[in-house]
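Student: Protein sequence lines, in the order shown, are assigned to chains A and B.
For the first sequence, the working numbering assigns the number 290 to the initial residue and increments by one for each residue that follows.
For the second sequence, the working numbering assigns the number 290 to the initial residue and increments by one for each residue that follows.
A portion of the hints provided could be inaccurate.
Copies of the same chain look alike in the list, so a pair counts if it works inside one copy or between any two.
Unchecked claim - Calculated lysine to aspartate or glutamate pairs in the EDC-like style (CA-CA distance at most 16 Å, straight line):
1) Lys766 with Asp540
2) Lys745 with Glu756
3) Lys383 with Glu667
4) Lys721 with Glu572
5) Lys325 with Glu650
6) Lys779 with Glu349
7) Lys325 with Glu564
8) Lys298 with Glu675
9) Lys622 with Asp683
10) Lys672 with Glu356
11) Lys372 with Glu667
12) Lys382 with Glu650
13) Lys598 with Glu722
14) Lys325 with Asp377
15) Lys493 with Asp515
16) Lys674 with Glu380
17) Lys454 with Glu572
18) Lys372 with Glu564
19) Lys366 with Glu613
20) Lys661 with Glu380
21) Lys720 with Asp515
Rather than coming from a laboratory, the hints here were simulated on the basis of the structure.
Chain residues, written in single-letter form:
There are 2 protein chains.
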Amino acid sequence: MNTNYERYKTLLGKIADISYAGAVLSWDQEVMMPSKGAGFRARQLATLAGISHQQSTDDELGRLLQELDKDLSLSEKEKRNVKRSLKDYQERKKFTVDFIETLNLATSEGFQAWQTAKQQNNFKLFEPKLEKLLELKRRECEILGYTDHPYDALIDQYEPGMTTKSIALLFTNVRKQLVPFVKQIAASRQNDNSFMKKQYDTAKQWQFGLDVLRQMGYDFEAGRQDLSSHPFTTSFNPLDVRVTTRVNEHDFNEMLWSCIHEGGHGLYEQGLLPENYGLPAGEAISLGIHESQSRLWENNVGRCLPFWKANFKKLQALFPENLEGVSVNDFFKAMNQVKPSLIRTNADELTYHFHIMIRFEVEKALLEGSIKVNQVPEYWNSKYKEYLGIDVPDDTQGVLQDVHWSHGGFGYFPTYSLGSFYAAQLYAQAKKELQNLEAEIEKGNSKPLLSWLREKIHIHGKYHTSEELCVAVTGEKLNFDYFMDYAKQKYSSIYELKQVI
Amino acid sequence: MNTNYERYKTLLGKIADISYAGAVLSWDQEVMMPSKGAGFRARQLATLAGISHQQSTDDELGRLLQELDKDLSLSEKEKRNVKRSLKDYQERKKFTVDFIETLNLATSEGFQAWQTAKQQNNFKLFEPKLEKLLELKRRECEILGYTDHPYDALIDQYEPGMTTKSIALLFTNVRKQLVPFVKQIAASRQNDNSFMKKQYDTAKQWQFGLDVLRQMGYDFEAGRQDLSSHPFTTSFNPLDVRVTTRVNEHDFNEMLWSCIHEGGHGLYEQGLLPENYGLPAGEAISLGIHESQSRLWENNVGRCLPFWKANFKKLQALFPENLEGVSVNDFFKAMNQVKPSLIRTNADELTYHFHIMIRFEVEKALLEGSIKVNQVPEYWNSKYKEYLGIDVPDDTQGVLQDVHWSHGGFGYFPTYSLGSFYAAQLYAQAKKELQNLEAEIEKGNSKPLLSWLREKIHIHGKYHTSEELCVAVTGEKLNFDYFMDYAKQKYSSIYELKQVI
Chain A
290 MNTNYERYKT LLGKIADISY AGAVLSWDQE VMMPSKGAGF RARQLATLAG ISHQQSTDDE
350 LGRLLQELDK DLSLSEKEKR NVKRSLKDYQ ERKKFTVDFI ETLNLATSEG FQAWQTAKQQ
410 NNFKLFEPKL EKLLELKRRE CEILGYTDHP YDALIDQYEP GMTTKSIALL FTNVRKQLVP
470 FVKQIAASRQ NDNSFMKKQY DTAKQWQFGL DVLRQMGYDF EAGRQDLSSH PFTTSFNPLD
530 VRVTTRVNEH DFNEMLWSCI HEGGHGLYEQ GLLPENYGLP AGEAISLGIH ESQSRLWENN
590 VGRCLPFWKA NFKKLQALFP ENLEGVSVND FFKAMNQVKP SLIRTNADEL TYHFHIMIRF
650 EVEKALLEGS IKVNQVPEYW NSKYKEYLGI DVPDDTQGVL QDVHWSHGGF GYFPTYSLGS
710 FYAAQLYAQA KKELQNLEAE IEKGNSKPLL SWLREKIHIH GKYHTSEELC VAVTGEKLNF
770 DYFMDYAKQK YSSIYELKQV I
Chain B
290 MNTNYERYKT LLGKIADISY AGAVLSWDQE VMMPSKGAGF RARQLATLAG ISHQQSTDDE
350 LGRLLQELDK DLSLSEKEKR NVKRSLKDYQ ERKKFTVDFI ETLNLATSEG FQAWQTAKQQ
410 NNFKLFEPKL EKLLELKRRE CEILGYTDHP YDALIDQYEP GMTTKSIALL FTNVRKQLVP
470 FVKQIAASRQ NDNSFMKKQY DTAKQWQFGL DVLRQMGYDF EAGRQDLSSH PFTTSFNPLD
530 VRVTTRVNEH DFNEMLWSCI HEGGHGLYEQ GLLPENYGLP AGEAISLGIH ESQSRLWENN
590 VGRCLPFWKA NFKKLQALFP ENLEGVSVND FFKAMNQVKP SLIRTNADEL TYHFHIMIRF
650 EVEKALLEGS IKVNQVPEYW NSKYKEYLGI DVPDDTQGVL QDVHWSHGGF GYFPTYSLGS
710 FYAAQLYAQA KKELQNLEAE IEKGNSKPLL SWLREKIHIH GKYHTSEELC VAVTGEKLNF
770 DYFMDYAKQK YSSIYELKQV I
């Protein structure tokens, strides 16, 4: 037994205990906490974060990691754990307590200002705080270091290995291929989706959602679903993974897609190995790969015909008053209406990426200084006109719609698109390897798919980077063609497009 | 500003953050956590407990407390905070990490053994672990120190200032007065309570319970009620206090009494002042005083006629099929049936104290060595015959019924009786000072009572000891006569006793 390695595991286990304790408090805050509890909860969370930061930048851990990094007796798995932990450690050590506190203050003030600005539909109220945040994020780029573009340093935190350049290349494809394809769809006749917006009893929706999660293989003895205003997934260890959803009586889509989406995230977390608790091997690779799991279930499974051949009859029996006379094909078309719109979170799976592309372009321009903060709304609106062909009526529905910047989350948005593109590539591979995949899904059996995802992705934790994983599983790096092929095949049929451009 | 005192407040605030974070994890464990999460949750809790222990025995805190204890510039309130913190600090410092770990192991093994022993109705399976726990508890008494009786050291941890002798004196009164009074009741005709055990829809029970809590003044913006198998109250700060209850479809009593009882605990916690967070002034005095608040609401309010004059009609309207033809007086009598029984938690408010008295006598005898662990069941059963007049059929329903010993909780039980006796004395005082108290309760208005409890007890936190508080509020030390007077007056009328002995 390697005593250094054992000690390293013990230290990381304790840090995990504290971080996950914080995660329990955050979950409770969103889902259970009475309103007046907010103030004290914030300080309890701050204290836990402080202890966790202190322990994860502790000198003993640093010495241990340096020694282990040179230890040739470690197995390959152990080496990769050490390498990733050392990278994390070194990055954390770059930040002074002063910088972290300044950033915390700026995000907390930024969040307040963003809320007010959105409420009052006045970007000017957010502007000075966004200036401050941008300045701090620029400093963060310098602290972290980068080769090509300052934005790289931020992207790397969410998607290690990914760069501004490689993402820009992906979005060039989006612009060249997806934008014209969506224009072609927009010129076609829209399918009826009015029955999705009838009155759907919330208790029955809830039951249906639980059934769908069970069918996906979500383990309710190692998790639970609750309601929250913003759906999310959180994990306290692979044996306790919580998802939330929201239910709208007048729009069946909300519960359905957030339930399947978060379920996909939840399955990834439940698939990590308990024995790797606290170690990089016990953590998800990146936000992009996490999102690939949620998008794969949401789009490649949930928004496709085989899944509904298994489930539509059950749904119809629950809501006969809304779905009488609706065929499974009508239902499939209704859930796949493509239509440029203002709000990212309500977008269909194709125009969704235009929203992300715009964020990416704005963030990149801000960080390199090619636009100023006060130019953001105008720049934003012009991009919406260009890619989505729509006029943004106000900032609340425009540049102020999302919370991320106020939290300092620059570089986060691109992982949403990466997730869908990875999902398409991974799902194409799964179809190749599992010959009856969709026939089984049509029978309500998604076990083969889950087993495949477990074996290929989940159980390995952070053993690979995203790119390594993609190559290991599919034989090639991330390739936008898979997404485009999926989109063309599916939507040409839905919109009966004769000739696809 | 006294910088030492500010620093002391900061340190205590951080310790509180960690302890309350642990409380959130424990609440979640009981109420929300999926079953498979238990293993990792235990280690997360242990890590938090370790950090909290380390910080609360930290040398800096010790030096600070020593200095502050000699600081004449402090206000009286500040002095009391420091004094109590210093006492806690010194007690904690007496225990070595080795002793704490040994005790933790013994309680964890003890709990396992107790569960099996109770399940298999075999005290022998618990005996060796109880031996071990007793040995450790004896060592704990020596470590803590005592003047008269080793048991004093344990009692003092739950009820500072209370001693074996003073509790023995109270129970002498119980034996002399309450035992014969209950015998007199037992010889009378029992009132019908069969309608309490009809089928009561659980959703309606739940709604009724929430209404009762609201009526008591429980603030749902600073708390919530959930279901759990063992009802309990926990607090994360005065603005987030959680209670739980259980609902039995076939026994209306369970939800009702646990709801009001925990509500009483909850009101105490909600009544502590947020500005005293982390300080002794922000904590409840003792288990006995805590129990006085739950018992006062449960018994002196909830099991008395005025409360039901305000509520019975509502209840009848909810459950007409069960309560048609039942008068408020029938209902009042039904909920107050006195009858010796085997299980403490199901006991009525009079015979309840016989159960506690027996625990007290057994614990005392064990600690002084006048009986051995293997003699406990026989000793226990003989006491049940003597005080309650019943034969204990087996250990599961006898000495194994309660979990406390397996957790190392010796000295805890007496606080249950102290709570009821304090409650009677405090309520008698409230009636003296608030002339319309019961008339208002009859109208559904318990605000005057809550305001009185807040002002006299809640807001002061640990400023007083139990005894000081009792004298400050009622003008005299704890006096069993108040309880006995309450009991005689109430039950003579319920059982139509002509001549009370």
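Student: Hint by hint, say whether it matches the structure.
Tutor: How the hints compare with the structure:
Neither within a single protomer nor between protomers do Lys766 and Asp540 lie at most 16 Å apart by alpha-carbon distance, with minima of 38 Å and 64 Å respectively. For the homomeric pair Lys745 and Glu756, the shortest alpha-carbon distance inside one copy (14 Å) is at most 16 Å, but the shortest distance between copies (66 Å) is not. In this homomeric assembly, Lys383 and Glu667 never come within 16 Å of each other (Cα to Cα): the closest approach is 36 Å inside a single copy and 67 Å across copies. In this homomeric assembly, Lys721 and Glu572 never come within 16 Å of each other (Cα to Cα): the closest approach is 27 Å inside a single copy and 63 Å across copies.
Taking the shortest Cα distances, Lys325 and Glu650 never come within 16 Å of each other, neither inside one copy (40 Å) nor across copies (44 Å). For the identical chains of this complex, Lys779 and Glu349 are neighbours neither inside a copy (55 Å) nor across copies (67 Å), given an alpha-carbon limit of 16 Å. Taking the closest pair of Cα atoms, Lys325 and Glu564 come within 16 Å of each other only across two copies (14 Å); inside a single copy the shortest separation is 38 Å, beyond that limit. In the homo-oligomer, the alpha carbons of Lys298 and Glu675 never lie at most 16 Å apart, since the shortest distance is 52 Å inside one protomer and 58 Å across protomers.
In this assembly of identical chains, Lys622 and Asp683 lie within 16 Å of each other by CA distance neither inside one copy nor across copies; the values are 31 Å within and 67 Å between. Within a single copy, Lys672 and Glu356 get their C-alpha atoms no closer than 51 Å, and across copies no closer than 65 Å, so neither meets the 16 Å cut-off. For the identical chains of this complex, Lys372 and Glu667 are neighbours neither inside a copy (44 Å) nor across copies (63 Å), given an alpha-carbon limit of 16 Å. Taking the shortest alpha-carbon separations for Lys382 and Glu650, neither the intra-copy value of 30 Å nor the inter-copy value of 59 Å comes in at or below 16 Å.
Taking identical chains as interchangeable, the C-alpha atoms of Lys598 and Glu722 are never at most 16 Å apart, the minima being 22 Å within one chain and 73 Å between chains. Neither within a single protomer nor between protomers do Lys325 and Asp377 lie at most 16 Å apart by alpha-carbon distance, with minima of 36 Å and 30 Å respectively. For the identical chains of this complex, Lys493 and Asp515 are intra-copy neighbours only, at 15 Å inside a copy versus 22 Å across copies, given an alpha-carbon limit of 16 Å. Taking CA atoms no more than 16 Å apart as the test, Lys674 paired with Glu380 passes in neither setting, with 40 Å inside one copy and 70 Å between copies.
Taking identical chains as interchangeable, the C-alpha atoms of Lys454 and Glu572 are never at most 16 Å apart, the minima being 27 Å within one chain and 57 Å between chains. With identical chains, the CA atoms of Lys372 and Glu564 are never at most 16 Å apart, being 19 Å at best within one copy and 46 Å at best between copies. For a Cα distance limit of 16 Å, the shortest separation of Lys366 from Glu613 qualifies neither inside one copy, at 55 Å, nor across copies, at 71 Å. Neither within a single protomer nor between protomers do Lys661 and Glu380 lie at most 16 Å apart by alpha-carbon distance, with minima of 28 Å and 61 Å respectively.
Neither within a single protomer nor between protomers do Lys720 and Asp515 lie at most 16 Å apart by alpha-carbon distance, with minima of 32 Å and 45 Å respectively.
Of the hints listed earlier, those the structure fails to meet are numbers 1, 3, 4, 5, 6, 8, 9, 10, 11, 12, 13, 14, 16, 17, 18, 19, 20, 21, in rising order.
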